[in-house]
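Please take these sequences and the hints and turn them into a complete structure.
Read off the chains here:
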Amino acid sequence: MSRALDVFKDAGSVAFFALVIFAPFLGVQLGDNDAGNLTLGARPALLAGAVALVFAARVLMRLWQDHRPTSQAEKLGARLKPAGKYIAPALLVFALLMPLLPGLPAQYIDLGVLILTYIMLGWGLNIVVGLAGLLDLGYVAFYAVGAYSFALLAQDFNLGFWQCLPLAGVLAACWGMFLGFPVLRLRGDYLAIVTLAFGEIIRLVITNWVALTGGPNGITDIPNPTLFGLRFTMFPAPGTFAGFFHITPHPWQRIAFLYYIILGLALITNWVTLRLRKQPLGRAWEALREDEIACRALGINVRNTKLTAFAIGAMFGGFAGCFFATRDGFISPDSFTFMESATVLAIVVLGGAGSQLGIVLAACVMIGVPQMLQSLAIYRMLIFGIALVVIMIVRPRGFISERRPTISLGKAQAISADLISQGKG
Amino acid sequence: MTTLLALDRVSTFYGPVQALREVSLTVEQGEIVTLIGANGAGKSTLMMTIFGTPAAKSGRITYQGRDITRLAPFEIARLGLAQSPEGRRVFPRMSVEENLLMGAQVVKYADYEKQLALVFELFPRIEERFNQRAGTLSGGEQQMLAIARALMSKPKLLMLDEPSLGLAPLVIKQIFGAIRQLNRETGLTVLLVEQNANQALRLAHRGYVLVNGVITLQGSGAELLAKPEIRAAYLEGGH
Numbered sequence: 001m002s003r004a005l006d007v008f009k010d011a012g013s014v015a016f017f018a019l020v021i022f023a024p025f026l027g028v029q030l031g032d033n034d035a036g037n038l039t040l041g042a043r044p045a046l047l048a049g050a051v052a053l054v055f056a057a058r059v060l061m062r063l064w065q066d067h068r069p070t071s072q073a074e075k076l077g078a079r080l081k082p083a084g085k086y087i088a089p090a091l092l093v094f095a096l097l098m099p100l101l102p103g104l105p106a107q108y109i110d111l112g113v114l115i116l117t118y119i120m121l122g123w124g125l126n127i128v129v130g131l132a133g134l135l136d137l138g139y140v141a142f143y144a145v146g147a148y149s150f151a152l153l154a155q156d157f158n159l160g161f162w163q164c165l166p167l168a169g170v171l172a173a174c175w176g177m178f179l180g181f182p183v184l185r186l187r188g189d190y191l192a193i194v195t196l197a198f199g200e201i202i203r204l205v206i207t208n209w210v211a212l213t214g215g216p217n218g219i220t221d222i223p224n225p226t227l228f229g230l231r232f233t234m235f236p237a238p239g240t241f242a243g244f245f246h247i248t249p250h251p252w253q254r255i256a257f258l259y260y261i262i263l264g265l266a267l268i269t270n271w272v273t274l275r276l277r278k279q280p281l282g283r284a285w286e287a288l289r290e291d292e293i294a295c296r297a298l299g300i301n302v303r304n305t306k307l308t309a310f311a312i313g314a315m316f317g318g319f320a321g322c323f324f325a326t327r328d329g330f331i332s333p334d335s336f337t338f339m340e341s342a343t344v345l346a347i348v349v350l351g352g353a354g355s356q357l358g359i360v361l362a363a364c365v366m367i368g369v370p371q372m373l374q375s376l377a378i379y380r381m382l383i384f385g386i387a388l389v390v391i392m393i394v395r396p397r398g399f400i401s402e403r404r405p406t407i408s409l410g411k412a413q414a415i416s417a418d419l420i421s422q423g424k425g
Numbered sequence: 001m002t003t004l005l006a007l008d009r010v011s012t013f014y015g016p017v018q019a020l021r022e023v024s025l026t027v028e029q030g031e032i033v034t035l036i037g038a039n040g041a042g043k044s045t046l047m048m049t050i051f052g053t054p055a056a057k058s059g060r061i062t063y064q065g066r067d068i069t070r071l072a073p074f075e076i077a078r079l080g081l082a083q084s085p086e087g088r089r090v091f092p093r094m095s096v097e098e099n100l101l102m103g104a105q106v107v108k109y110a111d112y113e114k115q116l117a118l119v120f121e122l123f124p125r126i127e128e129r130f131n132q133r134a135g136t137l138s139g140g141e142q143q144m145l146a147i148a149r150a151l152m153s154k155p156k157l158l159m160l161d162e163p164s165l166g167l168a169p170l171v172i173k174q175i176f177g178a179i180r181q182l183n184r185e186t187g188l189t190v191l192l193v194e195q196n197a198n199q200a201l202r203l204a205h206r207g208y209v210l211v212n213g214v215i216t217l218q219g220s221g222a223e224l225l226a227k228p229e230i231r232a233a234y235l236e237g238g239h
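Protein chains in written order, with our numbering: chain S, 1 to 425; chain D, 1 to 239.
Worth flagging that the hints you see were computed from the coordinates, not collected in a lab. Some hints could be false.
Over the 12 Å line for every Cβ pair with chain S, so calculated as not near, a few chain D residues [what the hints assert, rightly or not]: (1) T2; (2) G15; (3) S24; (4) L25; (5) T26; (6) G30; (7) N39; (8) G59; (9) G65; (10) L182; (11) G219.
If we take Cβ atoms under 10 Å as the criterion, some of the chain D residues that face chain S in the derived model are [as the list claims (entries may be wrong)]: (12) G52; (13) P73; (14) E75; (15) Q83; (16) M152.
These numbers were taken from a predicted model, which means no experiment stands behind them. A virtual CB, placed ideally from N, CA and C, is assigned to each residue, including glycine.
And the structure:
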C-alpha cells in the first residue's frame, strides 16, 4: 500500500509544480472592458484542468515505469536488429522511386526536395560536428556563400547552374578554411560562439553590401538547371525538355528533375563521407573528436585535419546553397538566418552525431513533421516542440547513437561503449 | 654509443611562469633513461617540450644531431619520436584496431603488419581485445594500448609519460617488463617519465631527478637508488 502512497505523493508534488508554473500562464486572463480599461480575470477551471492532467500523466508514467515489460521489449529489439541493415537500402529505393509514384501530388515531391536539401546539409555539417567534433553554429554561412556565389556568377557572367555548382563548392570551401584559421585553437563553447558570430557576419555583409548583393531585396531571376542544355519551360519550344522529347510540358517534370539533382548531390555527400571515414583523414577526424592531445602526441597534423574538416563540410554546404538558389530562383538574406544553422545542427544532434542514417530520420522528423502538421495551424510548433523533448528523453544520444568501427574483423562485441559512457554498462 | 637526443639548457614557460630552468640531458642510442620527480616538477612539461608543444623558449633540442627545437609536433613525430601521453588518452569510442591505425598514421602504414606482430607479441591482451572499443578496456589494458599505439609508428625513441599511473602493482610489473623486453630485443631507446622512482630506476640504465624545473641529480639507475637523498625523497615515503 505504501507503494501507491509513494506514487500519489510523487504525482502530487509534480502537480504542485505544475500549479506554480501554470498559475500565471493559464490561471489569469487579461482583457479589457468597454471603457478600454484593463481587467484581470481568473480562469480557475482551466488551471485546475491542466494541473489534474499533469497529475494523471505523472501517475500513469510511474505505473508504466513499474510494469514496463523490459525483457520482452529488449527481445523484440534484438529480433529487429538484423532488419536494421535493410533500412538504408529500402530508404534509398524509396527515394529513387518516390517521384515516379503514380498520382502523387507535386507538393510531396516538393517536400521531398526540401527534406533532401536538409539531409544534405545535415550530412555536410556532420563532417564538422559529428566526425571532427567541432561545434559549428554558423553553418548557414556556407549555405549562403554557395547560394550567393551561384546567383552572382549567373547574374554577372551569365553562367548556368552546372558551371556554378563546382565553383560554389570551391568558394564555400575557401570560406570554410577562412573561418577555420582563426578558430584552430578553440574548442567547445568558445568555438560555438565564434562560428555563430561568423554566420551572422556573413548574413550582415550580404544584407548591407547592397551594390553587390542587392541587400535585403535579394537576387531574382536565378536560372533553372538544365538537362544537358535542355530547359524546363511550360512551352514545348525547341531547346526545351518537352520540345526535344516531343511530350507535353508539365510542372511535374521540372520538380522531379530538381528532386533527382538534390538526391544525387546528397548521395555524393554521403558516399564521400563514408569513403573518407575509412581513410586516414576520416579516422583522424574521429580521433580529433575523441582526444586532441592524443592526436598531437601521435604526430597527427591537427591544424590540417581541422581545416580539411571545415573545408569539406563547407563545400557540401556550398553545393546545397547553390541548389537552393536554383530551386527557388530567388534568394535574400532572410533565407540565411541563425534559425537555419540551428535546424541543421538539431538534425545532426537528433540523428545521433556521426550517424548517416540517423540524420536521414532526423531530417524527416525536423522538416517533414512541421509540414505534415500544417493543418493544425497554431498548435503545430507546440506539438513539434513536445515531440523533440520526448525524443531526447527517450533517446538522449540521438536516433542512432551507436558508432560502428569503420574496420573490423567481423566479431561483434557484447557491450557497446556508448552504453558505458551513459553509465549503463 | 651515439647520442640520440640531447637537450642543451632548455627553458620553457607557460605565460610568465617558468616551468623548466635550463634543463640539459642526453639520451644515448639503445638506452632506457628515466626522469623522476614529484608532482609539478615539470616532468610532463619536459616531455611535451621535446615534442614541440609548448616550444622551448630558449636552449636547443637536438635529435640525431638535428635541431628540432622549433619543429611542429607532427614534424617531430615523422623523425621517429613517439610519445604515449600522460593519462593514457586512448580514443574511447574507437576500436583497439582503429587506435592502433591512428598510431601508424605518420608512417603511411608501410610497416603496419610488422609492428602489429611486435605489439601482439608484447601485449597478447591487445590481440584478444582487437575489435573491442578502447573505452571498454581496463586501465591496464588501456595503458598497454597507449604504448602499443605509440609503437605503431616504428619509433627510434619512445617517450612514455607515467605508464604506471593508477595501475595495480602486478600490471605495473607487466608493463615495465614489456618495456625492458622491447629495449633488449629490439634495441629501442626509451625515455621514461615516472613518479614511481623505485621501479623506474631499477628498469633504467640512467636517471635524472627533476625538482621544480631544475635537474638536481643524475647518474646510473643503481647509483641513484643508493643515494640517501633519493631514498628519503622518493622511496621511503618522506618529502
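Beyond 12 Å from every Cβ of chain S: is that where the Cβ of T2/D lies? holds (23 Å)
Is the interface hint for P73/D satisfied, with its Cβ closer than 10 Å to some Cβ of chain S? With a closest approach of 5 Å, the P73/D hint holds.
Does L182/D clear chain S by more than 12 Å, comparing its Cβ with all Cβ atoms of that chain? L182/D is indeed farther than 12 Å from all Cβ atoms of chain S, at 18 Å.
Since N39/D was said not to touch the interface, does its Cβ keep a gap of more than 12 Å from each Cβ of chain S? holds (19 Å)
Was G15/D rightly flagged as not at the interface, with every chain S Cβ beyond 12 Å? holds (15 Å)
Beyond 12 Å from every Cβ of chain S: is that where the Cβ of T26/D lies? The claim holds: T26/D sits with its nearest Cβ about 22 Å from chain S, beyond 12 Å.
Beyond 12 Å from each Cβ of chain S, as asserted for G65/D: Per Cβ check, G65/D is outside 12 Å of chain S; nearest 20 Å; holds.
Is the hint on E75/D kept, meaning its closest Cβ partner in chain S is under 10 Å away? Hint on E75/D: holds, closest Cβ of chain S at ~8 Å, below 10 Å.
Going by Cβ atoms only, is M152/D closer than 10 Å to chain S? holds (9 Å)
Claimed clearance of chain S by G59/D, with the beta carbon kept past 12 Å: Non-interface label stands for G59/D: nearest chain S Cβ at 21 Å, farther than 12 Å.
Does G52/D pass the interface hint, meaning its C-beta sits closer than 10 Å to a C-beta of chain S? Interface hint status for G52/D: holds (9 Å vs cutoff 10 Å).
Say whether it holds or is violated: G30/D keeps its Cβ farther than 12 Å from all Cβ of chain S. Label holds. Min Cβ-Cβ 22 Å, cutoff 12 Å.
Checked against the numbered hints above, the structure violates none of them.
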